[in-house]
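All chains, full assembly: derive it from the sequences and hints.
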Amino acid sequence: MIAIGLEGSANKLGVGIMLHPNDGNTPQVLANIRHTYVSPPGEGFLPKDTARHHRAWVVKLVKKALREACISVADVDCICYTKGPGMGAPLQSVAVAARTLSLLWGKELIGVNHCVGHIEMGRLITGASNPVVLYVSGGNTQVIAYSSQRYRIFGETLDIAVGNCLDRFARTLHISNDPAPGYNIEQLAKKGKQLVELPYTVKGMDCSMSGILAAIDGLAAQHGLNGEQNDEEDDDNVADTPVSDGTISTHKPTRADLCFSLQETVFSMLVEITERAMAHVGSKEVLIVGGVGCNERLQEMMGIMARDRGGSVHATDERFCIDNGIMIAQAGILAYKTGFRTPFKESTCTQRFRTDDVFVQWRD
Amino acid sequence: MTKSDPPPTTSYTPPPPFSNTTTPLIPIYQGAEAHLYKTTFLTPSTPAALKIRPSKPYRHPILDRRLTRARILQEARCLHKLVKEGVSVPAVLGLDWEFSASPEGNGAGGSWLVMEWVEGPVARVVLERWERHIKTLGRNHGSQSQDVPGDEGEKVRGLMRKIGAAVGSLHKAGVIHGDLTTSNLILRPFSPGASTESRDEDEQVSPSMEGEIVMIDFGLASQSVQDEDRAVDLYVLERAFGSSHPRTEPFFEEVLVGYRESYKGAGPALKRLEDVRMRGRKRSMIG
Numbered sequence: 000m001i002a003i004g005l006e007g008s009a010n011k012l013g014v015g016i017m018l019h020p021n022d023g024n025t026p027q028v029l030a031n032i033r034h035t036y037v038s039p040p041g042e043g044f045l046p047k048d049t050a051r052h053h054r055a056w057v058v059k060l061v062k063k064a065l066r067e068a069c070i071s072v073a074d075v076d077c078i079c080y081t082k083g084p085g086m087g088a089p090l091q092s093v094a095v096a097a098r099t100l101s102l103l104w105g106k107e108l109i110g111v112n113h114c115v116g117h118i119e120m121g122r123l124i125t126g127a128s129n130p131v132v133l134y135v136s137g138g139n140t141q142v143i144a145y146s147s148q149r150y151r152i153f154g155e156t157l158d159i160a161v162g163n164c165l166d167r168f169a170r171t172l173h174i175s176n177d178p179a180p181g182y183n184i185e186q187l188a189k190k191g192k193q194l195v196e197l198p199y200t201v202k203g204m205d206c207s208m209s210g211i212l213a214a215i216d217g218l219a220a221q222h223g224l225n226g227e228q229n230d231e232e233d234d235d236n237v238a239d240t241p242v243s244d245g246t247i248s249t250h251k252p253t254r255a256d257l258c259f260s261l262q263e264t265v266f267s268m269l270v271e272i273t274e275r276a277m278a279h280v281g282s283k284e285v286l287i288v289g290g291v292g293c294n295e296r297l298q299e300m301m302g303i304m305a306r307d308r309g310g311s312v313h314a315t316d317e318r319f320c321i322d323n324g325i326m327i328a329q330a331g332i333l334a335y336k337t338g339f340r341t342p343f344k345e346s347t348c349t350q351r352f353r354t355d356d357v358f359v360q361w362r363d
Numbered sequence: 000m001t002k003s004d005p006p007p008t009t010s011y012t013p014p015p016p017f018s019n020t021t022t023p024l025i026p027i028y029q030g031a032e033a034h035l036y037k038t039t040f041l042t043p044s045t046p047a048a049l050k051i052r053p054s055k056p057y058r059h060p061i062l063d064r065r066l067t068r069a070r071i072l073q074e075a076r077c078l079h080k081l082v083k084e085g086v087s088v089p090a091v092l093g094l095d096w097e098f099s100a101s102p103e104g105n106g107a108g109g110s111w112l113v114m115e116w117v118e119g120p121v122a123r124v125v126l127e128r129w130e131r132h133i134k135t136l137g138r139n140h141g142s143q144s145q146d147v148p149g150d151e152g153e154k155v156r157g158l159m160r161k162i163g164a165a166v167g168s169l170h171k172a173g174v175i176h177g178d179l180t181t182s183n184l185i186l187r188p189f190s191p192g193a194s195t196e197s198r199d200e201d202e203q204v205s206p207s208m209e210g211e212i213v214m215i216d217f218g219l220a221s222q223s224v225q226d227e228d229r230a231v232d233l234y235v236l237e238r239a240f241g242s243s244h245p246r247t248e249p250f251f252e253e254v255l256v257g258y259r260e261s262y263k264g265a266g267p268a269l270k271r272l273e274d275v276r277m278r279g280r281k282r283s284m285i286g
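For the protein sequence lines, the chains are A and B, in the order given. Residues in the first sequence are numbered from 0 upward in steps of one, following numbering that gives the first Met the number 0. Residues in the second sequence are numbered from 0 upward in steps of one, following numbering that gives the first Met the number 0.
It should be emphasised that the hints constitute simulated quantities derived from the structure, not laboratory data. Built from N, CA and C at the ideal position, the CB exists for glycine as well.
Derived Cβ-Cβ restraints for the label pairs, each shown as a range:
#1 B:G152 x A:G43: 54 to 64 Å
#2 B:A100 x A:S128: 29 to 39 Å
#3 B:E153 x A:W361: 45 to 55 Å
#4 A:A213 x B:R187: 37 to 47 Å
#5 A:P198 x B:K263: 30 to 40 Å
#6 B:G152 x A:D22: 53 to 63 Å
#7 B:N139 x A:L157: 39 to 49 Å
Right, here's the structure in full:
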């Protein structure tokens, strides 16, 4: 059984082809290609521009994916597309593309929840059977555990997503959006040494990110670090003053210090709420999915936490973490096998689509 | 302070002075943040609850120290204030916000807080027993209905009103609990040893609901007198009842009745609760 998945809920357009052998063998990825709309430094991606990008690229990507997978249209069983959640305009352009292919090829449509796509792909790649899932991306921050046919949300952000917080700080610093603002923050953070004090906002199993963003934006402005990078003041200017006296140093922070502090603070919050959820449901496995899940520091911190609880952490690399088409194909094909179909009339998309709205028929 | 979660599996060397007393540490509960032990304090006959917040090695050391210290102090300050105001909470006996790792090398540093030991079952256990009892009662009478006999209903209503009054007294004192669940409410019997465990386990006997409600675990507590915070506190409790004790849901209204009667500011907080119920990212927003 072969499914093609179309994903375009944010600035990545992904097309993936997934094969589920009929003999029940391990599913195979036949093609996984992606094209990202990259906006200039200091700017985010606007819905209309992103939608235009997706419309311009979707045909090319589908053709390329079919070529790469070495299959013909006749081999495809169903077309899976992201129904939501995400940005309206990009979602619509991909939904239109999916509908067009469905009519053109005469194939069934499967509308997929983006979050469930991430979870199913993570489970397939890592082999984690029933983990607590931390789903962290530019649009979502949720701690999820599976229970009786639903992916239940135990904790989540009360305002903006963690990826959004990082991306917007990258914008403040005019860090490049290529390949991803979060990736560039991570690289810069590796050079940071000094921890600046930021708010720490965990409420039970929920967290909040917007105040932290405001605080660090304020710090950047206060130290004149926002806007275009000023080469001579960065890095080398500040000598390696040890800050191991246990107090928060009052030296002027660098851009790297700010990235470092932001990461340390928000990731600590994420690990803390994940640990709460693990204690609550009694699970020892963690699975990190979503774009921010590629961050190695987050993976490292989660690993230490899981180890101390006698468990383990599962994470994937950028091919599967960052939005892609195969995750949509994977979640779609699982639903397709249980008889789920999205009739043409209902093949809409929606910006708001809760993870726990999906009836997960394919799991026990 | 009985929570029925499994005790920690690893042996743990406690920080001084708990490492050199003859009283053994009895593990009670291990949460994500803290470990709770039963021990004695100052005299071998004074039972006490020891809460240890081990430092988290995944966090940056400076951040970790800041958080561990702030949280244990916050908890102690709230408890201290409540005891002074006469609210039923365990009294603080002592704390150390920063102990270092034991020389034997097992376990990291962290902070500890030692409190008065509160005897009695948590409300969750009482309500679960009661729910089982009602189920048995229904089976014995061969009725399929979910009806609760009048006297049993009256009993649980009384308990609910007591819970509401306890939360009210807490809010009156200007403290928000932050994590009100039925596991954080202890029903302390009026006379020690009034109910024996074996009797309570019997499903034929309705569990005793006599006693005083003592609130515990102020790990997420804060000081506030705002209606918003009070309403959220009540909402958390309401959701906890709904998910853990579905049979008691029709009686939750009594918690709010008890709350309303407990102090003057209760009215506005309850009004705010209606707004809190309506909103949130957790609700699907259509249109």
